[in-house]
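Novice: All chains, please: the whole structure from these sequences, using the hints.
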Amino acid sequence: MFMYKIGVVGDKDSVLAFKAIGIDVYPVIEAAEAQKTIDKMAMEKYAVIFVTEQVAKDIEETVERYNRQMIPAIILIPSNKGSLNIGMQRIKDNVEKAVGVNIL
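Just so it is clear: in the sequence shown, position 69 is 69 by UniProt numbering, and no numbers are missing.
It should be emphasised that the hints constitute simulated quantities derived from the structure, not laboratory data.
Simulated DEER-style distance windows between Cβ atoms:
hint, residue 1, residue 2, range
1, Q69, G22, 21 to 31 Å
2, E64, M43, 13 to 23 Å
3, G100, A20, 34 to 44 Å
4, D24, G100, 32 to 42 Å
Using N, Cα and C, we set each Cβ at its ideal position, and we do this for glycine too.
Specialist: Here is the structure:
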């Protein structure tokens, strides 16, 4: 039986805590490094990839490319510096698209 994996990509301070709960962590510094890491994770059958909003804002085209696919699911999370509200806006947009009205 094949098991999918879960990983997180972001700055070191934001992602290190995920290691304690068994999630694979990939600390990155530059946008190009983040793109390569996410592409590699997708090829290695990660089903869910959490990406900090600070990293995601610099690699929008990569995030959008994977949003058109079933797997991996790219989930934006706030970093230790706080939220940019990008993740919440995406949730609102998806709910509005599905329901026809913004109920959030």
